[in-house]
Amino acid sequence: MRPLRIEFQAFGPYPERVEVDLTTLEHCGLFVVAGDTGTGKTTILDAMSYALYGSMPLKSSAEIRSHHAERGIRTEVKLTFRVGDETYIVERVPTQERRGKNASAEFVTERTNAHLTIVGDDSTEPVATGVTNVDAKIKELVGLSASQFQRVVLLPQAKVTEFLLADSKDREALLEQLFDGRLFDVIVDELKRRADEASSSVDDADRELRSHLSAAARELDLAETSLREPADPEDASGADHTAADADDEPSKPGESVGAADSDPEDDEPAPVDQATADLDPLDLRSRLVATEPALADLEQEDAAAADAATNAAAALSHAQSAADRFDQAVTLGAQIEGLRSQRPDAEEGAERARRSQHARPVVDATVSARAASDALTNSEEQVRLAREPIDRILLDLGAMPTDGSPEATRELLDGLRNQHRAQVAALAALDQAIAELEQSDRNRELLAQEVARHQQQVDADQNRLTVIDELLIPLAAQVADLAMLEQQVTVAESAITARRDLDEARVRAVEATNEASRLTAVHAEVLGRFVATSAPRLAAGLIADEPCPVCGSRDHPEPATSSGDEPVDQTDLDAAASARDAAVRVRQDAEIEERRITVELGEAATRTVDELEVSLADAKAAVEAAERAKSEQAKLTEERQAVEKRRTEAVLAATDTTGRLTEVDRQRETHTSTVENARINAADIDRAEVESLTGHLAGLDRLVPPLENAANEVRVATGAHQEAAARAADALERSGFASAADAQAVVIDIEVEGRLLQALETVTTEITRCTGRLETLEEQGVPEERPDVEAAESTNQRLAAIAERLRNRLHQVRSALDRTQDALDRHADVEAGSAGTRETLELLSRAHTVCKDGGGPKIPLKRWILARELERVTRAANEHLRAMTNGRYSLGVRPDTSDARRSQGLGLEVFDAETGQGRSTASLSGGEQFQASLALALGLADVVSQGGTGSGHRFEALFVDEGFGALDPDALDDAIETLQSLHATGRTIGVITHVEAMKERLHVGIQVERRPDGRGSRLTVLP
Amino acid sequence: MRIAHTSDWHLGRSFGEVSLRDDQARFCDWFVKLVGEQGCELVVIAGDIYDRAIAPTESIDLFRDTVRRLLATRAKVVAITGNHDAADRVAAYSELLDQSGLLLRGGYDRIGEVIPLPASDGPLDLVLLPFLHPQIAPDGFGTDPAARDTDEHGDSEDVDVDVLLRRRSRRTHASVLTDAVALARPGLTCGRSLAVAHAFVAGGAESASERRLEVGGTGQVGAELFSGFSYTALGHLHRPQDVPVDGGHVRYSGTPLPYSFSEDHPKSVTIVDLATDGTCTVEQVPVPVGRAVHRISGTIDELLEPGRFPEAHNGFVQATVTDRETVREAKARLLDVYPFVVEVRLAPVADGHGPGPAPENIREVPPLQAVSSFWEAAEGSPPTGAVLELLTDVVATSVQAVEQ
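As you go down the protein sequences, you meet chains A and B in turn.
Throughout the first sequence, residue numbering follows this note's numbering, covering 594 to 1616 in sequence.
Throughout the second sequence, residue numbering follows this note's numbering, covering 51 to 454 in sequence.
Just so you know, these hints were derived from the structure itself, not from any lab.
There may be inaccurate statements among the hints.
So the derived label-pair ranges between C-beta atoms look like this [said to hold, decoys possible]:
no., chain 1, residue 1, chain 2, residue 2, range
1, A, Asp782, B, Val415, 36 to 46 Å
2, B, Glu414, A, Asp782, 21 to 31 Å
3, B, Val415, A, Glu1602, 43 to 53 Å
4, A, Arg1512, B, Arg124, 53 to 63 Å
For every residue, glycine included, the Cβ atom is placed at its ideal position computed from N, Cα and C.
Kindly produce the complete structure, drawing on both the sequences and the hints.
Encoded structure:
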């Protein structure tokens, strides 16, 4: 990248526009930017930096704009540069105030902006616009960030000396700006993150392990304690030992007791005990194994106790069953005795019962026969009751009584009903006919009225018509005159106008006459004067011996003299004459006009305007009257038409209505005859009778069904009765009793019957059963005496209790041992499972520690990387430094850790060939420090510009800002030699200095000086 | 006529940290005596009178006194400025000095002038060509229209600025010198001529101490430029040497004292007998004053042996210590034996301060490799197995994270 041209305006101390064409200085190779301190030499570099990156080393944006610049002048910077084969222009402006575009005096704020264009053969093309885009593109093209550029291309000597003398920590910060070490920070962080994750997994596993161990220890202690209980002595008193005896044993210190309550199925890790740290799984396992003998003993004990208990139980049950049998046998014997004594009575009762059974059917049949008979009687009564009201009604009606059968009744009823119906119909027909007739009458009435109305209307209208016609006649006459009257008005009006005109014309005529007279007089006067004056005029024009125009003489003895009057010449005369003539013409015209009007008016001329106006008014009035008449006429005509129309309608309506009336009359006749017929039909019918018949019929309707039902009942009951009687007779015959009464005497309550029979049954059965059971018992064996069951019982209880206790203990111990085993197994699983994670954690921790702390040399990763970069830099720098110091000095990166402080690895030291030792950079003299820092700066420039991608953004330009003042002449020589050798590589090198010797030695390419008017600085380029 | 030719006095120079003021004063004494003894009519000092543009006053005084004493021997003194001198300053009063017998020229002032010098045996044309900075040539200088800043009529304003700059940039040390010689040639009338120039003539051998004449160019001119001059007294190269040319004798007198370690040849001034027909006889007179330079090398023990380099004891010494391990306090120890040891070099150097294999560009190395190198440095051996796997994975993850 080579800067070609930098232009800036109102920038830094330069109030006006400055252009620096670096191409003109290229051939110098190495040039000086000279000027007094503070004049703005560094500003050129600031401008370059600002144009590219929008920032300047050491200066804030507030200092961009020149304080001396006038308010309207725009601060702008433009850099033309070449990258590879392409030429670019970048322009940038800071946020500033400037004049508004519309030529208003107001100031607007222009925001900071940037443009990047590429220069082609004929034109420029935009590449990027806007600060963000331009910055990104610049970074790409130039290959350096702002801070790199500001350290590596614009070498601020003070800064580089700082770098030279800085301690490791500060140098690290600086190197980080130049070489991106972010990746290595991320690597260390990632290692930490993973290590933390692994660590927490391992912690989790440890926690689990501890809980399993403590569970195992707990269970094991419990088992051991239980195993150590002394065996209970056989206690014949049966004292109650409970499992709580185990609590009397001394417990291990620090252990919790409560095993009986622990739930072996509970998988949650219990709270960790303090003693778990001391627990050793192997130890626990061996203890577990050690419990086996004691366990075996316990098992044996338990087995023995169980046997004993079983035996005792067997003995008890044996005694119990024997006692039982004994008791039963005794009881049975007694029972059998009792039953046998009851038997005879039972037999007797059963006999009685059987006899009753035999008699029962007869009794039953008799009873039912009687019942059927009663039923029949009842139903016949019902029939009779049903007939009564019906008969009553029939009687009322005068109808023939029937035989009372429902069929007959129904037949009668139907006949009545028919009759009734016919009567009702006839009456109805009559009523209807009458109604219709009445309706016809009414209609007729209405229609007649209507006809009359219509007729009235017709008459009224007719009258009106007549009236109207009479009124119209005079009006017509008036209207006919209207045209003529209007005509008269017009005439009158024009007469008036003309009369007025006549007056005017007369006046004009008079005036014209006067004027003519006057002008005639004037003319006469003028003529007179003319004549009077012509002579002197002529005389004046007379020339001796020339003929007089008047007289022709040549002598002019007495020429007329001017009389002193105003001279009047021919022109005047002619004017007067023509005026007079004109006036005369006017007069003539006026007179003609007057005469004309007079003729027009005719006789009206004699009359005054007022009179004429009166005539006019009259005429107008007449017209008005005529017009009124006309409108009246129109109105009446309209009305006439309407009335006529109405009359016609009324006529039609009347006719129509009359027609309808005739129709109605006709209908009426029909109705009348209908009524006649209906009356005849209904003549015999008595309305009241019909009415009551209606009611009766209804009643009958209601009464007939019950009758029918009752009759039915009778039939049924009769049948039943017959049947029942037959059955009773049959039963009696079969039973063998003489009569029903006999049978009755024998019958007893059927329940009693049953009971008696049952009793016998029961007794018999019972005896059989007891006997059988007794036999069975005796087969089983009935002892002579009752055995002592209580004794057997108490023995049994005691032995059972003992066995139970032992069993519980055994169970406890076994469960505890199982749980111990289980916990130990799980412990082993987790241990195995976490081994991998542990390994990983160790690996990660180690890796992290090494990268973070730096292993043996104690240099962390990023700093080590930066140290490698620094090595490259010092190596490049040493090329220059050795040349400048004749091989005496070279720079080295100090790697040793002799210093107890943490920031190491980026120390710089100077190796002095003369002493063969390294020493601190601060121990160099000022000039030597300059040489070292110049060499370092050049080394930095070389290394940074080589980039990480190998693309080699080489910098074709380098600027060294001050620092030469500290050098003695020889050192200055060497420094200049070094810079010149750099130039030999093709770079343009600008040296900013105020050192006189430099200006002598080197060509001053740019001279900066203060403006004479004190308003900032100006610069001159001297190619 | 006899001419004493010397040049490149570089008054005010130091050798390393040792000031050469006394040696230079002694040389001046000797030279004055020589000139008197040899009967030289003309003393030619061909440039680089002072070592730097702003010379120390004692150097200026030394020169003034020396010239005064030389003039007192009735010789004339001709001196030109070289590239080390500030021409403006040194030749500021040259016009006024002409009459005194000191012909002093610097810069473009009166360039191309031929000075007729009446010698005892006839006339001599003298052309003085001080070192010319190509950049500050005045407008219109030069015979080459392409190199001039003016158009045909000598007007400079009408010439396009870009053209002007291009022309100007084409000026080189060689081109302006050539132009200067071309300006002078027409003025050569008599049978013998002497050119005095400060230039790097092709064919001459450089030492380590000449300052480059031109930045970005060779600064050389061809010797044939001076063909035709009876004798061309050159300055600039520090080694006394002849430059072969047809038609004349071209020679560098060299510096009076050694000024760099490459100048371990004997130093001399040149005495020229120039006949009227232009032929010349040249004699080299060794300079007996000053310290010689010695470059010695060996292990520190060897170097400290008293009798090892006996002649170096009093001279300027550049010692190269060849011990494999770094030698402590080499210079201090050597000073005991060689009081004027100026440079101490250590070669080879084992602890990374000297040239060694170039450290790899850590930024071009893949990150994993960089981390592995770090690991090796931190733990003593490169990462393997599980560690390597872990580092590979973490580096890959981190690279991805950073790329986002």
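Comparing the hints with the structure gives:
The hinted range of 36 to 46 Å is not satisfied by Asp782(A) and Val415(B), whose Cβ atoms lie roughly 21 Å apart. Taking 21 to 31 Å as the suggested C-beta distance range, the pair Glu414(B) and Asp782(A) conforms, at roughly 24 Å. The beta-carbon spacing between Val415(B) and Glu1602(A), approximately 50 Å, falls within the hinted interval of 43 to 53 Å. Between Arg1512(A) and Arg124(B) the C-beta distance comes to about 58 Å, which sits within the given range of 53 to 63 Å.
Checked against the numbered hints above, the structure violates only hint 1.
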